[in-house]
Amino acid sequence: MKNFKPILGISLLLVAGLCVIAADHIDAPAVTGGTSDITDFYAFQGENPDNVVFVANVQGLLSPANTANASFDENLMIEFNIDTNGDAVEDLVIQAVPKNKKMFFFGPFAPDQTGTVSTVEPKNFGGSSNVKITPFGSEAIVHTSDLGMKFFAGPRDDPFFFDFAQFTAILSGNAGSFNDPGMDTFAGTNVLSVVVEVPKSMIGGSGSVNTWVETKRKQ
Amino acid sequence: MKFRTIKIAALSLVVAATAYNCSNEKMDNTYEIEGVDSVGNTIKGTYIQEDQMARPAVNTVFVSSGSKDAFNTTVPSNQGAAFQSMFQNNLLALNPGYTRNALGLDAATFTSVLATDVLTLSLDGTTTFFDGTNVLTGRALADDVITVELILIFGGPDALTGMPQNVGLIDDHVDGNDVAFSSSFPYLASPHLQ
Numbered sequence: 038m039k040n041f042k043p044i045l046g047i048s049l050l051l052v053a054g055l056c057v058i059a060a061d062h063i064d065a066p067a068v069t070g071g072t073s074d075i076t077d078f079y080a081f082q083g084e085n086p087d088n089v090v091f092v093a094n095v096q097g098l099l100s101p102a103n104t105a106n107a108s109f110d111e112n113l114m115i116e117f118n119i120d121t122n123g124d125a126v127e128d129l130v131i132q133a134v135p136k137n138k139k140m141f142f143f144g145p146f147a148p149d150q151t152g153t154v155s156t157v158e159p160k161n162f163g164g165s166s167n168v169k170i171t172p173f174g175s176e177a178i179v180h181t182s183d184l185g186m187k188f189f190a191g192p193r194d195d196p197f198f199f200d201f202a203q204f205t206a207i208l209s210g211n212a213g214s215f216n217d218p219g220m221d222t223f224a225g226t227n228v229l230s231v232v233v234e235v236p237k238s239m240i241g242g243s244g245s246v247n248t249w250v251e252t253k254r255k256q
Numbered sequence: 745m746k747f748r749t750i751k752i753a754a755l756s757l758v759v760a761a762t763a764y765n766c767s768n769e770k771m772d773n774t775y776e777i778e779g780v781d782s783v784g785n786t787i788k789g790t791y792i793q794e795d796q797m798a799r800p801a802v803n804t805v806f807v808s809s810g811s812k813d814a815f816n817t818t819v820p821s822n823q824g825a826a827f828q829s830m831f832q833n834n835l836l837a838l839n840p841g842y843t844r845n846a847l848g849l850d851a852a853t854f855t856s857v858l859a860t861d862v863l864t865l866s867l868d869g870t871t872t873f874f875d876g877t878n879v880l881t882g883r884a885l886a887d888d889v890i891t892v893e894l895i896l897i898f899g900g901p902d903a904l905t906g907m908p909q910n911v912g913l914i915d916d917h918v919d920g921n922d923v924a925f926s927s928s929f930p931y932l933a934s935p936h937l938q
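Residue numbers (this note's numbering), protein chains in the order written: chain A, 38 to 256; chain B, 745 to 938.
Read the hints as simulated data drawn from the structure, not as lab findings.
Treat the hints loosely; a few may be bogus.
Claimed, not checked - In silico lysine to aspartate or glutamate, EDC-like type, Cα no more than 20 Å apart, as pairs:
| hint | chain 1 | residue 1 | chain 2 | residue 2 |
| --- | --- | --- | --- | --- |
| 1 | B | K788 | A | E111 |
| 2 | B | K788 | A | D110 |
| 3 | A | K138 | B | D781 |
| 4 | A | K255 | B | D781 |
| 5 | B | K788 | A | D149 |
| 6 | B | K788 | A | E158 |
| 7 | A | K138 | A | D124 |
| 8 | A | K255 | B | D813 |
| 9 | A | K160 | B | D781 |
| 10 | A | K136 | B | D781 |
Stated by the list, open to error - Here's a subset of chain A near chain B, in silico, CB distances under 7 Å, partners left out:
| hint | residue |
| --- | --- |
| 11 | D64 |
| 12 | P66 |
| 13 | A67 |
| 14 | M114 |
| 15 | V126 |
| 16 | A177 |
| 17 | P196 |
| 18 | F198 |
| 19 | F199 |
| 20 | G225 |
| 21 | E251 |
| 22 | K255 |
Don't be surprised by glycine CBs; every beta carbon is placed ideally from N, CA and C.
Construct all of the structure, not just a fragment, from the sequences and the given hints.
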């Protein structure tokens, strides 16, 4: 009965309505099952240590069969936010907007307006890049810009791993612990990924930044 | 409560919605890349936020069901004030015996850190969620973030010094991805084809 109390606590929380999946897959009613549902966000140093990499994944839990027909929503922007001075307000953004089988990228630039409203403006078109969205089944198409940024957009294996099924069993009171070995609930599933590599010198150079990703719908 | 049934239903909805949302794209490698000038008029405009994310599983685990959409549209600089107490209540519901975690953080401090959902990224070296030495300097693809979070939620103050609490809950024993990552851009593995 060692685990009774935490499990009871978990069950109470479950009853309170925790009914969700994993990293950020299907995290909230307004986005679940839609094209704006972010599944994961990664930020790490690149193969070239002068660069960092941002990864945003959307539309998770795609079976291979469904991946062939999955596509980015042309009314949806994926926006990487970068706070360079520690106040949790973005100082720079990198915007990704799909159109005509290509992903267009703007930034990093300092937005006129921070927060939940963003704009795509012709004044930023001059510094834009784009990459053809890699079709399902094709080799990854990569574009490298004159400034040393790299871009990718298209289906990938979902890099997330978690024995969510057993976690669910624990939450529901049907199990008292994880199994060893566990089973990766996300094995064999795909996501739609946007990957951007950017020289550190373009986002502050040294120290630390705070980062997060947003999806925003065209009005 | 048939949570598995709910999960399966949710998965079914996703599959259905995905199929519904998608157009039939042909695998066509022939068209040329054009600049933004050709599409600028159709993509310029105003965009309003629907989802956001930084650290993994934060909204999933710590935000109560009725507040998940609100969390996704609250700017990070306002999240602490709006959600810290909810995070603390849900942490203590998950683990009523929580005192401090392996980082030495009590419930108020730990949830204060979590509620402002940004991912710190070091520009000076190792980038990892946690590798035994570096804490929250980024999130690499191979980082076992769920086990780290389970340890911090359930493992107690001595989880990493040989005396973990709730030993059956602090590791899901899935330690890596099902396919290998690449060391080169775009780093993520090719999609499963079948």
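Here is how each hint holds up against the structure:
As the CA atoms of B:K788 and A:E111 are separated by approximately 12 Å, the hinted pair is consistent with the 20 Å bound. Between the alpha carbons of B:K788 and A:D110 the distance comes to roughly 15 Å, so the proposed pair stays at or under 20 Å and holds. Annotation: proposed proximity of A:K138 to B:D781 holds, straight-line Cα distance about 15 Å (limit 20 Å). For the given pair, A:K255 sits about 18 Å from B:D781 by alpha-carbon distance, which is consistent with the 20 Å threshold.
For the proposed pair B:K788 and A:D149, the alpha carbon gap of about 15 Å is at most 20 Å, so the pair holds. For the hint pairing B:K788 with A:E158, the CA-to-CA distance comes to about 5 Å; that is within 20 Å, so the pair holds. A threshold of 20 Å between alpha carbons decides the hint, and for A:K138 with A:D124 the separation of about 36 Å lies outside it, so the pair is violated. Restraint check: the Cα-Cα separation between A:K255 and B:D813 comes to about 18 Å, which is no more than 20 Å; the hinted pair holds.
This hinted pair checks out: A:K160 and B:D781 have alpha carbons roughly 11 Å apart, not beyond 20 Å. Annotation: proposed proximity of A:K136 to B:D781 holds, straight-line Cα distance about 12 Å (limit 20 Å). A hinted interface residue such as A:D64 counts as satisfied when its beta carbon comes closer than 7 Å to some beta carbon of chain B; here the least separation is about 5 Å, so the hint holds. Because the closest C-beta pair between A:P66 and chain B is about 6 Å apart, less than 7 Å, the hint holds.
At a threshold of 7 Å, the smallest CB-CB gap from A:A67 to chain B is about 4 Å, leaving the interface hint in force. For the restraint placing A:M114 at the interface with chain B, the shortest Cβ-Cβ distance is roughly 5 Å, inside the 7 Å limit, so the hint holds. A hinted interface residue such as A:V126 counts as satisfied when its beta carbon comes closer than 7 Å to some beta carbon of chain B; here the least separation is about 5 Å, so the hint holds. At a threshold of 7 Å, the smallest CB-CB gap from A:A177 to chain B is about 6 Å, leaving the interface hint in force.
Residue-level restraint check for A:P196 holds (minimum Cβ-Cβ distance to chain B is 5 Å; threshold 7 Å). Interface restraint check for A:F198: the shortest CB-CB distance to chain B comes to about 5 Å, inside 7 Å, so the restraint holds. The interface hint given for A:F199 holds, since its Cβ lies 5 Å from the closest Cβ of chain B, which is under the 7 Å cut-off. The restraint placing A:G225 at the interface with chain B holds, with a minimum CB-CB distance near 5 Å, inside the 7 Å limit.
The beta carbon of A:E251 is positioned within 7 Å of a beta carbon in chain B (closest approach about 4 Å), and the interface hint is therefore held. Given hint, A:K255 at the interface with chain B, holds; its Cβ is 5 Å from that chain's nearest Cβ, closer than 7 Å.
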